[in-house]
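Start from chain A and add chain B according to the hints.
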Amino acid sequence: QQQVKQSPQSLIVQKGGISIINCAYENTAFDYFPWYQQFPGKGPALLIAIRPDVSEKKEGRFTISFNKSAKQFSLHIMDSQPGDSATYFCAASGGQAFGNEKLTFGTGTRLTIIP
Amino acid sequence: SAVISQKPSRDICQRGTSLTIQCQVDSQVTMMFWYRQQPGQSLTLIATANQGSEATYESGFVIDKFPISRPNLTFSTLTVSNMSPEDSSIYLCSAGTSAGTEAFFGQGTRLTVV
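For the protein sequence lines, the chains are A and B, in the order given.
Last residue of the first sequence: number 108 in our numbering, and the count goes up by one each step with no gaps.
Last residue of the second sequence: number 238 in our numbering, and the count goes up by one each step with no gaps.
Just chain A, with the same shape it has in the complex (with noise of 0.2 Å):
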């Protein structure tokens, strides 16, 4: 499979800061870039998700910033609340029909918000 690299692998973020975790990927073909969410003992969620034709996704406090000549893309969650810690994920996936196309996932960022 080819590989998403995600960044950092922890994070520990303030209550009321922004939370922001990167990743690149190296298949051009990919133009479909989820981010899942995933509490202890659940399957993932998707949380916000790009195509490569915009640069920028918002969603409430969250936000998908898009980098196609970098090959680059990340979270931007504000506001950062302790029911945002979970871990994060972010995806790949090529083809029109996505949700009918195999994801390819990150490692991984563990996200935690303090008071």
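Because the hints were derived from the structure by calculation, they are not lab data.
What you are looking at is a predicted structure, and each value in this text was computed from that prediction instead of being measured.
All C-beta atoms, glycine included, are put in the ideal place defined by N, C-alpha and C.
Where hints are given, some of them may not hold.
Said to hold, decoys possible - Label pairs and their calculated CB-CB ranges: (1) A:Gly9 <-> B:Ser208: 40 to 50 Å; (2) A:Pro108 <-> B:Ile187: 45 to 55 Å; (3) B:Ser142 <-> A:Gly9: 48 to 58 Å.
Structure of chain B alone, referenced to chain A:
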């Protein structure tokens, strides 16, 4: 959205035995995917299960070890055969919506081999 149910949610098995994990989707889906997530690690795709054809396995995974069935558009099973402690992982089932806009995951099966 789709709801994916996996059974069992967890199991402790003896080495050398086999375990079959069931995945049920509440709507018809074209493809289903099986992932493995080792403790504290990322998700690695085992295979893609397309209804009516043989599953497609990723490098490092073979049908004899991880046989998969896909008898209809809402159900799939993954068997972990001849288990060893190295097979202790969380196994996750995933499927896409018919609109192709999102991949959903089951809650996972936590397998411990002793």
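Outcome of the hint check:
no.	hint	verdict
1	A:Gly9 <-> B:Ser208: 40 to 50 Å	47 Å, holds
2	A:Pro108 <-> B:Ile187: 45 to 55 Å	50 Å, holds
3	B:Ser142 <-> A:Gly9: 48 to 58 Å	50 Å, holds
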